[in-house]
Amino acid sequence: MSFPLTDPDLDDDLLSPYWNGFQDDEIRLPNCADCGEFHWYPRPMCPHCQSKDIEWEATGGDVTLFTWVKLVYDFGLSFLEDRVPLYTGLAIPDADDSIRLVVAIDIEDGEPQIGMRLTPEFVTNERGDRTVPVYRPV
Amino acid sequence: METVTKQSKSRDLRDVTAISGIGESEFSEGGGNRAETLIYDACRGAIRDAGLEPAEIDGVVTEAGMMPETVYTQELKEMLGIQAEYSTASLLVGAGNVISPLLAAQAIETGLAEHVLCYFGVNWATERETMGDDGGPYSYHTEDEYKANLEVPFGWVTQPLYIAAQARRHMYEYGTTTEQLGEVAIQTRANAAPNEKATKREELTMDDYLDSPVIVDPFRILDCCLISDGAAAFVVSSAEAAESGPTDPVYVKGAGAGSSEKSESTYMTQHEEYTMTQATKSGPKAFEMAGVTPQDIDFAEIYDCFTESTIVQLEDLGFCEKGDGGQFVQERGITVEDGDLPVNTHGGLLSQAYILSMNHVTEAVRQLRGTADNQVTDPELGLVTGWGGSEHATLILGSDRS
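Residue numbers (my numbering), protein chains in the order written: chain A, 1 to 138; chain B, 1001 to 1402.
With the C-beta cut set under 8 Å, the calculated list includes, among others, these residues of chain A facing chain B:
#1 D12
#2 Y41
#3 F75
#4 L86
#5 V103
#6 V132
The hints are simulated quantities; they were obtained by calculation from the structure and are not laboratory data. Ideal placement from N, C-alpha and C gives every residue a C-beta, glycine not left out.
Using the sequences and the accompanying hints, generate a full structural model.
Quick look at the structure:
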């Protein structure tokens, strides 16, 4: 499995909890302890009520596919070399339908379809030191 | 008594100024160009075209995201021999070039400047040849912390991918077809054919389009705009000054900008109205200021970063119903030769050059002067759009005062 194509910056407090959740086989999303709303992308304050009390909650993980593409050309980018073609897309988590997550997609037969239900499978990267969710049809 | 609204006040700027001169550098697909020399070429050309001496330029306007990194304003003023005390830049990313005339008009109307030079240029074609992952228009993705952590690792990277995903959704919601995307490419290319400055002029057939390589399904290479080296510039002056100059004045009639509720880093994935652009906001402001409707427009230079983008903006501006953009291009046509609405009369970003709509403004001026290579018959009103992710701008120019 060639995902993740690049390594995240785990020193970033705002963005690393998403990746740390993967190590525990969880999709964690930022939730406001005051108003209870999720938001995405991760922000230092809740964009709904401006509270700074954000907690990352484990969510079910299942998503509905909103749109997808098949990346075929590597654009001369080193991290795409020998890793295309690949499927990637935007998917709406059951946890909150105002959020769209970027999802790496693995489909064995046929193509992704908008509206398809997908679930994350946590796989280990090529180096063996990082876990990443790859979404497959339910 | 009519209520004074923000928009009714903007009508006060209609026809107050005109574009008095235009200039362009050579456009190319690379070759070791420096962006600043291309910009100087375009600026000198515009000042000369306006019949002015450099010392008569007393204002400069550009966009704030890319240009200050490309050439220091102070260095540009020194090289051109201008001492413009008034200088400003917009924060609308790729839409900035199309709002420059409005900023210039405000300066002229308030007496801060008399002749304002607007400029933009890139050498992304040369940069891409030499800089790999770190140069050109793709470096933005790996540098933005959100994209680097939440998108790129999962394969979501490059502008063609973002808009291909939008095209997929647009096909799903409205039945837009691959052939309709192809029609945008083919007809825009047909508009490039007579244009001596177009990078790509050879005819495209539907077979050519369908046989061309898929780069990010549903997009083919021909769905994507060029990567270019080139610059363009124009001078905005008071209408009276432009009328006494050597060229036919092209009046700044209306302009407006629209911004998304989402920031630039999240716009392409989180934007609520996913198959719309902010043309839905910028268009009405420009039409209101100009006192015209889409039906009055004789040609449109649309920010065609991708074929899908032409389709979506035609819908969002009100040239057709939402979802019917593909059908509009396919059945009513956008060629100068026999389209109902000529679009990208110079071949656009797709076939002329990717100068982020600065070249769309200069083409619109030529059309309204009657000096274009692919000339629309006696146009009176032209529309130009600029687009940068979450920001959009619309400009309306005319050959006569209202």
